[in-house]
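A.B. asks: Listed below are the residues making up each chain.
Number of protein chains: 2
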Amino acid sequence: MAIVRQPTRAGVRDAAAKIAAILPSSPLFVAPVQGMPVAFKAESLQPVGAFKLRGAWHRLTALDEAQRTRGVVAFSSGNHAQGVAWAAKRLDMPATIVMPADAPRVKRDATLALGAEVVSYDRMTEDRTVIAARLAEARGATLVPSFDDPWIIEGQGSVGAESARQMELSGLGGPMHVVVPCGGGGLAAGIALALPEARITVVEPEGWDDMRRSLEASWIEPVGPNPPPTACDALQTMRVSPLTFEVLARRDAKGVAVSEAEVRAAQRWAAVKLRLVVEPGGAVALAALLAGKVAAEPGMLVILSGGNVDVEAYAKAIAPETAEAPAFPALSDSGA
Amino acid sequence: MAIVRQPTRAGVRDAAAKIAAILPSSPLFVAPVQGMPVAFKAESLQPVGAFKLRGAWHRLTALDEAQRTRGVVAFSSGNHAQGVAWAAKRLDMPATIVMPADAPRVKRDATLALGAEVVSYDRMTEDRTVIAARLAEARGATLVPSFDDPWIIEGQGSVGAESARQMELSGLGGPMHVVVPCGGGGLAAGIALALPEARITVVEPEGWDDMRRSLEASWIEPVGPNPPPTACDALQTMRVSPLTFEVLARRDAKGVAVSEAEVRAAQRWAAVKLRLVVEPGGAVALAALLAGKVAAEPGMLVILSGGNVDVEAYAKAIAPETAEAPAFPALSDSGA
Numbered sequence: 399m400a401i402v403r404q405p406t407r408a409g410v411r412d413a414a415a416k417i418a419a420i421l422p423s424s425p426l427f428v429a430p431v432q433g434m435p436v437a438f439k440a441e442s443l444q445p446v447g448a449f450k451l452r453g454a455w456h457r458l459t460a461l462d463e464a465q466r467t468r469g470v471v472a473f474s475s476g477n478h479a480q481g482v483a484w485a486a487k488r489l490d491m492p493a494t495i496v497m498p499a500d501a502p503r504v505k506r507d508a509t510l511a512l513g514a515e516v517v518s519y520d521r522m523t524e525d526r527t528v529i530a531a532r533l534a535e536a537r538g539a540t541l542v543p544s545f546d547d548p549w550i551i552e553g554q555g556s557v558g559a560e561s562a563r564q565m566e567l568s569g570l571g572g573p574m575h576v577v578v579p580c581g582g583g584g585l586a587a588g589i590a591l592a593l594p595e596a597r598i599t600v601v602e603p604e605g606w607d608d609m610r611r612s613l614e615a616s617w618i619e620p621v622g623p624n625p626p627p628t629a630c631d632a633l634q635t636m637r638v639s640p641l642t643f644e645v646l647a648r649r650d651a652k653g654v655a656v657s658e659a660e661v662r663a664a665q666r667w668a669a670v671k672l673r674l675v676v677e678p679g680g681a682v683a684l685a686a687l688l689a690g691k692v693a694a695e696p697g698m699l700v701i702l703s704g705g706n707v708d709v710e711a712y713a714k715a716i717a718p719e720t721a722e723a724p725a726f727p728a729l730s731d732s733g734a
Numbered sequence: 399m400a401i402v403r404q405p406t407r408a409g410v411r412d413a414a415a416k417i418a419a420i421l422p423s424s425p426l427f428v429a430p431v432q433g434m435p436v437a438f439k440a441e442s443l444q445p446v447g448a449f450k451l452r453g454a455w456h457r458l459t460a461l462d463e464a465q466r467t468r469g470v471v472a473f474s475s476g477n478h479a480q481g482v483a484w485a486a487k488r489l490d491m492p493a494t495i496v497m498p499a500d501a502p503r504v505k506r507d508a509t510l511a512l513g514a515e516v517v518s519y520d521r522m523t524e525d526r527t528v529i530a531a532r533l534a535e536a537r538g539a540t541l542v543p544s545f546d547d548p549w550i551i552e553g554q555g556s557v558g559a560e561s562a563r564q565m566e567l568s569g570l571g572g573p574m575h576v577v578v579p580c581g582g583g584g585l586a587a588g589i590a591l592a593l594p595e596a597r598i599t600v601v602e603p604e605g606w607d608d609m610r611r612s613l614e615a616s617w618i619e620p621v622g623p624n625p626p627p628t629a630c631d632a633l634q635t636m637r638v639s640p641l642t643f644e645v646l647a648r649r650d651a652k653g654v655a656v657s658e659a660e661v662r663a664a665q666r667w668a669a670v671k672l673r674l675v676v677e678p679g680g681a682v683a684l685a686a687l688l689a690g691k692v693a694a695e696p697g698m699l700v701i702l703s704g705g706n707v708d709v710e711a712y713a714k715a716i717a718p719e720t721a722e723a724p725a726f727p728a729l730s731d732s733g734a
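From first to last, the protein sequence lines are chains E and H.
Using this note's numbering, you'd call the opening residue of the first sequence number 399 and step up by one each time.
Using this note's numbering, you'd call the opening residue of the second sequence number 399 and step up by one each time.
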């Protein structure tokens, strides 16, 4: 897809206004960590269980009438699929989601329940980008990327604008330091645009910390060969986008990597202290804070980006560590 | 404690206004059950993880200056303890909580962290009501019951007033039928006062369904001898109060009992569908709905009253039923 423009702060403001018109703010909770009040933005409590409906809404509402009639195509096995399906349903547009044939049944069912058509492909023998591009061309539909798109980035950035308002209402002052989960970097880049004064720390699972390495190297480095298994399916992105990377690099964002055990500890803490179910990929920023890889400080905002879990894996993850190790899903394809 | 007055709807309105001035509304979520949109009020997301801070706030703010200086005494091993401690801390009043020596460490620590003094007693040899009454008399402090008190009932009723406003804003219309967990009945009676047009169904664990039996018999019947073990520690009340019973009986409220397995299924559903951690006692109303013991209908409001869990027991409860049966706490004392 041709990139027609860079994402902007004005675009984030526009997205935030559009989203505020249809969705109540997701809750912001304040809890002490290391003796410091820290703000937690619970995007896990969105109707589709993740922030992804924000970018999808901003992108789909930017389509003209003719484009709306022809619909949208996206590839994703997870939260982006549901975000696009949710936005398309509200706009009464056809949506087609390309999903691996072995995607978790619960995610497939949730996408179907939102009225989207699901096209399956074989992860081993077919390339979903080719399938999606062909579908889009055949139908004249618009392809909606999960992060490599200025509208998607601006839409996700509305999390930053909304959190800033909530923190000020809570008497915490504006966000000074945002700690945010990172797959392709759409959420982190959008928040960076929304909050020009804040420091940004992106958090990834160990072995999948390509944004961290890219920021250190000052050019985009992909995930290495044979990355380790991770429970953070939402963050398994093989390569970030120039759009997201440039925003974060210009802002001198830092990267941190967390272990699988640190992620499980964060999920457990969120369950007990915040009474929230947070998925592994949604818990990495909290994991970095609790592990002491990021120090708590005044004006800290931690994003809990998603809460869609398989209940069996979740029960194992939050059980004390002496229990059987959680079963991790096999390496899935990137980008959603 | 001498009952000086009946709880009233005007009192609930007053309580709701006082509580709105210090606490944001707890989130209300809408999710389909049996094809019907049902509203879920997440009191589990309150700062102390349960609705109990509402009644405590209404009660403590009704004390005069001299009473405030002498402080409050409560007995509870759970959520009421934290509610009273939270309210006392905000009002800069001394609070003493009488807790069994074998209370879960996490609840004791949470109460201490809120600045309360904790007095331990031996569950087998001592009577906490006597200890609390003696402490209150010695200090000139006010005893704060967990449900047998008009202010407590009115304060808890603010859940109903708040939910009604949120449901109307969501386009669902006002609550027509409220399904609510019941221990001593303070929450259910308060909501009944707040919503004079709504039908009320109270839900209790099997064997602890004394409010159900009392409503059927038209007089108060206590829990029978040797009640079964239950994971719903928040609902282990041996006898309801005339104050709560009268309100519910006058409103022709109905009672339903749920099994331990139905409670676990509800906790699992809340984790996956709502991404919320709900404690066993907080999940009984949802359990009744999911088990088909209450039919979904337009204008239905289900209260999720608390989310304070021991993470190990919680992990076992939400794991698929083939797993080891959850360990239930021993029969605890009543009323909190």
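Just so you know, the hints here were simulated from the structure itself, not pulled from any lab data.
One or more of the hints may lead you astray.
[As the list claims (entries may be wrong)] Using 27 Å as the maximum straight-line C-alpha spacing, the simulated BS3-like pairs for lysine-lysine come out as follows:
id, chain 1, residue 1, chain 2, residue 2
1, H, Lys487, E, Lys714
2, E, Lys671, E, Lys691
3, H, Lys671, E, Lys671
4, E, Lys714, E, Lys652
5, H, Lys652, E, Lys416
6, E, Lys487, H, Lys714
7, E, Lys671, H, Lys487
8, H, Lys652, H, Lys714
9, E, Lys487, E, Lys416
10, H, Lys714, H, Lys691
11, H, Lys714, H, Lys671
12, E, Lys671, H, Lys691
A.B. asks: Each hint needs a verdict: does it hold in this structure or not?
C.D. replies: Comparing the hints with the structure gives:
no., hint, in the structure
1, H:Lys487 <-> E:Lys714, "violated, 37 Å"
2, E:Lys671 <-> E:Lys691, "holds, 20 Å"
3, H:Lys671 <-> E:Lys671, "holds, 20 Å"
4, E:Lys714 <-> E:Lys652, "violated, 31 Å"
5, H:Lys652 <-> E:Lys416, "violated, 44 Å"
6, E:Lys487 <-> H:Lys714, "violated, 37 Å"
7, E:Lys671 <-> H:Lys487, "holds, 19 Å"
8, H:Lys652 <-> H:Lys714, "violated, 31 Å"
9, E:Lys487 <-> E:Lys416, "holds, 16 Å"
10, H:Lys714 <-> H:Lys691, "holds, 24 Å"
11, H:Lys714 <-> H:Lys671, "holds, 18 Å"
12, E:Lys671 <-> H:Lys691, "violated, 32 Å"
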